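Chains A and B, in that order, give the protein sequences. The first sequence begins at 37 in the working numbering and counts up one residue at a time. The second sequence begins at 1057 in the working numbering and counts up one residue at a time.
Everything labelled a hint here was simulated from the structure, so no lab data went into it. Any given hint could be a false lead.
Covered stretches of chain A, going by a simulated chain B footprint (3 or more residues, C-beta under 8 angstroms) [said to hold, decoys possible]:
| # | segment |
| --- | --- |
| 1 | 70-77 |
| 2 | 108-115 |
| 3 | 149-158 |
Estimated spans, in silico, between C-beta atoms of each pair [to be verified]:
| # | chain 1 | residue 1 | chain 2 | residue 2 | range |
| --- | --- | --- | --- | --- | --- |
| 4 | B | D1295 | A | K156 | 29 to 37 angstroms |
| 5 | B | D1295 | A | S168 | 23 to 31 angstroms |
| 6 | A | E99 | B | D1112 | 31 to 39 angstroms |
| 7 | A | S168 | B | Q1171 | 35 to 43 angstroms |
| 8 | A | S153 | B | S1096 | 22 to 30 angstroms |
| 9 | A | K156 | B | G1199 | 40 to 48 angstroms |
Below, in silico cross-link-like pairs of lysine-lysine (BS3-like), each with a Cα-Cα straight-line distance of 25 angstroms or less [stated by the list, open to error]:
| # | chain 1 | residue 1 | chain 2 | residue 2 |
| --- | --- | --- | --- | --- |
| 10 | A | K156 | A | K169 |
| 11 | A | K169 | B | K1167 |
| 12 | A | K156 | B | K1294 |
| 13 | A | K86 | B | K1167 |
| 14 | B | K1138 | A | K156 |
| 15 | B | K1182 | A | K169 |
| 16 | B | K1065 | A | K169 |
| 17 | B | K1126 | A | K169 |
| 18 | A | K169 | B | K1086 |
It should be emphasised that the depicted structure is a prediction, and the values quoted were computed from it without experimental measurement. Beta carbons are placed, not taken as given, at the ideal position from N, Cα and C, and that holds for glycine.
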Amino acid sequence: MEHSGISVLFQGRNFVRLLGGLWTSVWIAALALLFGLLLGALIGLARTSKNKLVRAIFRIYLEFFRIVPTVVLLFLFYYILPRQFGLNWPGSVMATIAFALWVSAEFSDIVRGALISVPKVQQESGLALGLSKWQLFIYVLLPQAFQLELPATINLATRVIKTTSLLMMISVMDLINVGQQIIEANNQSHPTAVFWIYGLIFLLYFIVDYPLSLWSKKVARRKQD
Amino acid sequence: MAERILEVKNLSKSYGDQQVLHDINFSLNKGEVMTMLGPSGIGKSTLLRCLNGLEDFQTGELVFEGQTIKPSAANWQQLRQKIGMVFQSYDLFPNMTVLQNITLAPIKVQKRSKQEAEAEARKLLKRVQLADYADAYPRELSGGQKQRIAIARALAMHPDLMLFDEVTASLDPEMVRSVLDLIKELSEQDHMTMIIVTHEMNFARQIADQVLFLDEGTILEQTAGKDFFTNPQTQRAKDFLASMDF
């Protein structure tokens, strides 16, 4: 067993490094979700505005982030924007911003769909109580909309976590990137290490994403009751 | 001299080319109950909704407590604290408990303390005989219970005028009584000023100080309560009462 790839997992600090990579992926995804959901809720509200121009602008915003592949987005934020604007922020920060904007675009569509499916008379009974438009949105519409679209939102979160695997394209030391480094360093001595490393990566992503997936299913089932 | 609470002057409203309200005029004194009667779909609800700004209108004016209402969003938001409204479909907020439903607007809009608002909400719940349901969610309640809570929710704002838009229309017959009794009690004990759109003729007769009979967006009759039922002036009103088995 001396040359079995599994030993690579526990050599030196490899295992800890992989967990560190997972942590990088998770915090980037978490921050991107946090800011993206907040921004997306506002943009979703704007997309129900009566103003056609406002609606058109955010529609284009949504389509831009939906159509442009995520890798291209990351390149845009990592290579092109910093050069154009003289920013010199680390890749992880640029990636968080890119992901947050992407999340906000996707979530805005979820929020818009949910907002327009909250019965109109809910709005009216809120208004009739003297709530302002803003209070109506915060206390009445958004919570109801969120419940309606919680499964879709959780789904979005799992997609974001998975997509952090693209972070290696812009040299962020995420889980995949760390794994790749370990594989390359040990490829000569332990050719089967690649199997074990990617096996572990699979497992780690699974551990993070599967509870979300279960949660989404549970919520969807409750909604049917 | 009775205090005038609401005056509607020459109010007209159209949707595009179609005029739905024609030159509506009436006034209401403090403590009075007005019922709006008439066939379905002739603008009673629309008129009621004009009175708290949920619908706009093209011409005419509203005078509420001596002030001509300027129809801006901010102004209506202020006024709605004084003009409560309860809808046919008792729209409690499904994401909140009964108590939260009642205290939301007092806390957020009127900036009252949570403690005080909750204490009052519990008092109101006792009054509508649902004291045990403070922590229930709307989905756990029957239609009649929901509607009584919707009324309690409107009362928590201490309105000077209450609008009821066919509040018993979607209730099971055995639920109707509890809601109507509550409205009657509001009139008799609290002397609440109310405008009620209803198809419950017996109830309307018992409670109305004034009856507004509308058809095709026009006021056909405006009479003191009991007279309308015993002595309708127009053929249209006679036919209407006959059709309601009254």
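Within 25 angstroms, alpha carbon to alpha carbon, are K1126 of chain B and K169 of chain A?
Status holds; Cα separation ~18 angstroms.
Confirm or reject the coverage of the segment 70-77 of chain A by chain B under the rule of 3 or more residues with a beta carbon closer than 8 angstroms to the chain's beta carbons.
violated (count 0)
Proposed proximity, K156 of chain A with K1138 of chain B (alpha carbon, max 25 angstroms)
holds, 22 angstroms
D1112 of chain B and E99 of chain A - C-beta distance against the hinted 31 to 39 angstroms
Check passed, 34 angstroms falls within 31 to 39 angstroms.
Pair hint K156 of chain A and K1294 of chain B, alpha-carbon separation not exceeding 25 angstroms
Between K156 of chain A and K1294 of chain B the Cα gap is close to 36 angstroms, so the pair fails against 25 angstroms, i.e. violated.
State, for the Cβ atoms of S168 of chain A and Q1171 of chain B, whether the hinted interval 35 to 43 angstroms holds or is violated.
Between S168 of chain A and Q1171 of chain B, where Cβ atoms are some 23 angstroms apart, the hint is violated.
Do the Cβ positions of K156 of chain A and G1199 of chain B conform to the proposed distance bound of 40 to 48 angstroms?
violated, 20 angstroms
Between the segment 149-158 of chain A and chain B, see if three or more residues pass the 8 angstroms beta-carbon test, and mark the coverage as holds or violated.
holds (count 3)
Please work out if K156 of chain A and K169 of chain A have their alpha carbons no farther apart than 25 angstroms.
holds, 13 angstroms
Mind checking the alpha carbons of K169 of chain A and K1086 of chain B for me, to see if they're no more than 25 angstroms apart?
Not OK: K169 of chain A and K1086 of chain B at ~30 angstroms, beyond 25 angstroms, violated.
Between D1295 of chain B and S168 of chain A, does the C-beta distance stay in 23 to 31 angstroms?
Given about 45 angstroms between the Cβ atoms, the range is violated.
Taking 25 angstroms as the top limit, are the C-alpha atoms of K169 of chain A and K1167 of chain B close enough?
holds, 16 angstroms
The earlier numbered hints that this structure contradicts are 1, 2, 5, 7, 9, 12, 13, 15, 16, 18.
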